[in-house]
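**Q** Sequence:
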Amino acid sequence: MPNIQTSKLFWASCLALLVTSLSFGIRAGIMGRLGAEFQLNASELSTITATAFWGFPLAVVIGGFIVDIIGMKRLLVMAFVFHLLGIALTIFATGYWTLFFSTLLVGIANGTVEAACNPLVASLYPNDKTTRLNYFHLWFPGGIVIGTLVVMLFNEIGYGDMWQVQVGLMLIPTLIYGYLFSKLEFPVTERVASGVSTGDMYKAVVSPLFIFMFVCMFLTAITELFTGQWIGLLLSNVISNAVILLTLTTGIMVVGRAFAGPVVHRLAPQGVLLFSAVFAALGLYLLGHSTGSMLYIGALVFGIGVCYFWPTMLGFVATNIPKSGALGINLMGGAGMFAVSLYTIFMGSRYDELILKHLPAGASLAEYQAAAPGTEQANALASANTLAGPEVLNFTLTLPIILIIAFAGLVFFMRSRKPEKLTHA
Numbered sequence: 001m002p003n004i005q006t007s008k009l010f011w012a013s014c015l016a017l018l019v020t021s022l023s024f025g026i027r028a029g030i031m032g033r034l035g036a037e038f039q040l041n042a043s044e045l046s047t048i049t050a051t052a053f054w055g056f057p058l059a060v061v062i063g064g065f066i067v068d069i070i071g072m073k074r075l076l077v078m079a080f081v082f083h084l085l086g087i088a089l090t091i092f093a094t095g096y097w098t099l100f101f102s103t104l105l106v107g108i109a110n111g112t113v114e115a116a117c118n119p120l121v122a123s124l125y126p127n128d129k130t131t132r133l134n135y136f137h138l139w140f141p142g143g144i145v146i147g148t149l150v151v152m153l154f155n156e157i158g159y160g161d162m163w164q165v166q167v168g169l170m171l172i173p174t175l176i177y178g179y180l181f182s183k184l185e186f187p188v189t190e191r192v193a194s195g196v197s198t199g200d201m202y203k204a205v206v207s208p209l210f211i212f213m214f215v216c217m218f219l220t221a222i223t224e225l226f227t228g229q230w231i232g233l234l235l236s237n238v239i240s241n242a243v244i245l246l247t248l249t250t251g252i253m254v255v256g257r258a259f260a261g262p263v264v265h266r267l268a269p270q271g272v273l274l275f276s277a278v279f280a281a282l283g284l285y286l287l288g289h290s291t292g293s294m295l296y297i298g299a300l301v302f303g304i305g306v307c308y309f310w311p312t313m314l315g316f317v318a319t320n321i322p323k324s325g326a327l328g329i330n331l332m333g334g335a336g337m338f339a340v341s342l343y344t345i346f347m348g349s350r351y352d353e354l355i356l357k358h359l360p361a362g363a364s365l366a367e368y369q370a371a372a373p374g375t376e377q378a379n380a381l382a383s384a385n386t387l388a389g390p391e392v393l394n395f396t397l398t399l400p401i402i403l404i405i406a407f408a409g410l411v412f413f414m415r416s417r418k419p420e421k422l423t424h425a
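Under UniProt numbering, the sequence shown has 339 at position 339, and the numbering climbs by one with no breaks.
Bear in mind the hints are in silico, worked out from the structure with no lab data behind them. Note that beta-carbon positions come from the ideal geometry of N, C-alpha and C, so glycine has one too. Where hints are given, some of them may not hold.
Claimed, not checked - Simulated DEER-style distance windows between Cβ atoms:
{"no.": "1", "residue 1": "Gln5", "residue 2": "Tyr96", "range": "54 to 64 Å"}
{"no.": "2", "residue 1": "Met162", "residue 2": "His358", "range": "18 to 28 Å"}
{"no.": "3", "residue 1": "Pro208", "residue 2": "Gly158", "range": "22 to 32 Å"}
{"no.": "4", "residue 1": "Lys418", "residue 2": "Thr94", "range": "36 to 46 Å"}
What the hints assert, rightly or not - Keeping only pairs whose Cα atoms sit at most 20 Å apart, straight-line, the calculated DMTMM-like set for lysine to aspartate or glutamate is:
{"no.": "5", "residue 1": "Lys418", "residue 2": "Glu185"}
{"no.": "6", "residue 1": "Lys357", "residue 2": "Glu391"}
{"no.": "7", "residue 1": "Lys8", "residue 2": "Asp200"}
{"no.": "8", "residue 1": "Lys421", "residue 2": "Asp200"}
{"no.": "9", "residue 1": "Lys357", "residue 2": "Glu44"}
{"no.": "10", "residue 1": "Lys183", "residue 2": "Glu44"}
{"no.": "11", "residue 1": "Lys73", "residue 2": "Glu185"}
{"no.": "12", "residue 1": "Lys357", "residue 2": "Glu376"}
{"no.": "13", "residue 1": "Lys421", "residue 2": "Asp128"}
{"no.": "14", "residue 1": "Lys357", "residue 2": "Glu367"}
{"no.": "15", "residue 1": "Lys203", "residue 2": "Glu44"}
{"no.": "16", "residue 1": "Lys203", "residue 2": "Glu420"}
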């Protein structure tokens, strides 16, 4: 049974992750409005969105190298400061560059939170890492649900243009988690407590198993986070209120992670990852090939697929390659977010190309985007968006299909191995 200090640290960590997820949910909900207000095309919006994914790996990787040196508490103080600055700059944004830099600051804050909190949770619960990391990470989809519901509520009551107020709501949990962490004492990481040397840590992160998981993290993160950030935009002309698809997907993720314990204990982390890849592929197929109510079914199936990806990837490394320590966990997180940033930029440009493909020959995308609603050009652009969005999802479908093969091999490989446990010095 965890003691009071352990529980307080865990719940404060969850609150910090809630701020991270709110930034994703609210940004996904207001992306179209930002594009209209500041006259940004899909490539520019994708670059702004990707900026959060640049800041995240930058912070989480650097954090992985220094967390054992400066301690987890100092990292979280830094996260608090970056969150405050990023949120404030977003509220007072005036165009592309202010949105760019504010999103970068929030991304750095988000990465710093995970750089400290992932190894903190693994250190607090050394005998139940994967399950506890799933519990911790349920606050990521949970915050996205809250964020998208906030956006929907503001739209419903006619205040959708007040996106600054929606962003400002993130200040409340930010101030609370900053206060809580300032009052709590932190343990050292599990690797330090167990006396594993820095040399052994570096050996662990260049082992074949770690490199395999590192590469797979690229694909699992893109499948989950790219689709989550862009589903509303890609399917906005296919279904009347596409943000509901994101809410359904993330809602399923919250429930799935809340009941991760029995699933993880039954299938083991590698079995959970194979299960996830199968359902993620099926869900993406339905989202890319359906209309009407079947899109809701696709969102539910996709949510079941991706709900365990991120925390179980981290939990697998923490459980089976524990000597990699905080560095191993944070390199995994950095790899995932970096891959999403590159893929988002690539697919943003690709999305513009696909839209142009479905417009009349020689058409200017900027001209069509500036057309007044109800005009022939505006209707043609809506039709092109309807066709282009599912094509992006169908391209992304190849990633979970590759993962099915990779994780099937991992299940077979792990039959002859047992999780490694560290003994505290």
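**Q** Taken at face value, is the distance from the CA of Glu185 to the CA of Lys418 at most 20 Å?
**A** Violated, because 33 Å separates the two Cα atoms, which is more than 20 Å.
**Q** Sort out whether Glu44 lies within 20 Å of Lys183, counting only the CA atoms.
**A** Not satisfied, since the Cα-Cα distance of roughly 41 Å exceeds 20 Å.
**Q** Below or equal to 20 Å on CA atoms is what counts here, so check Lys421 against Asp128.
**A** 11 Å, holds
**Q** Between Pro208 and Gly158, does the beta-carbon spacing fit 22 to 32 Å?
**A** 57 Å, violated
**Q** Using the C-beta atoms of Gln5 and Tyr96, is the stated range 54 to 64 Å upheld?
**A** The hint (54 to 64 Å, Cβ to Cβ) is violated, given that Gln5 and Tyr96 are roughly 45 Å apart.
**Q** For the pair we were handed, Lys357 and Glu367, check the Cα-Cα distance against 20 Å.
**A** It holds: about 15 Å lies between the C-alpha atoms, which stays within 20 Å.
**Q** Given the hint that Lys357 pairs with Glu391, test it: the Cα-Cα distance must not exceed 20 Å.
**A** With Cα atoms ~12 Å apart, Lys357 and Glu391 stay inside 20 Å; holds.
**Q** Taking 20 Å as the top limit, are the C-alpha atoms of Lys357 and Glu44 close enough?
**A** With Cα atoms ~19 Å apart, Lys357 and Glu44 stay inside 20 Å; holds.
**Q** Run the distance test for Lys203 versus Glu44: straight-line Cα separation, threshold 20 Å.
**A** The hint is violated at about 40 Å.
**Q** Would the hint linking Lys203 and Glu420 be met if the CA-CA limit is 20 Å?
**A** The given pair, whose Cα atoms are some 15 Å apart, holds under the 20 Å limit.
**Q** Between Lys418 and Thr94, does the beta-carbon spacing fit 36 to 46 Å?
**A** 57 Å Cβ-Cβ, so the 36 to 46 Å window is violated.
**Q** Measure nothing beyond the straight line between the CA atoms of Lys421 and Asp200; if it is 20 Å or shorter, mark the hint as holding.
**A** 15 Å, holds
Of the hints listed earlier, those the structure fails to meet are numbers 1, 2, 3, 4, 5, 7, 10 and 15, in rising order.
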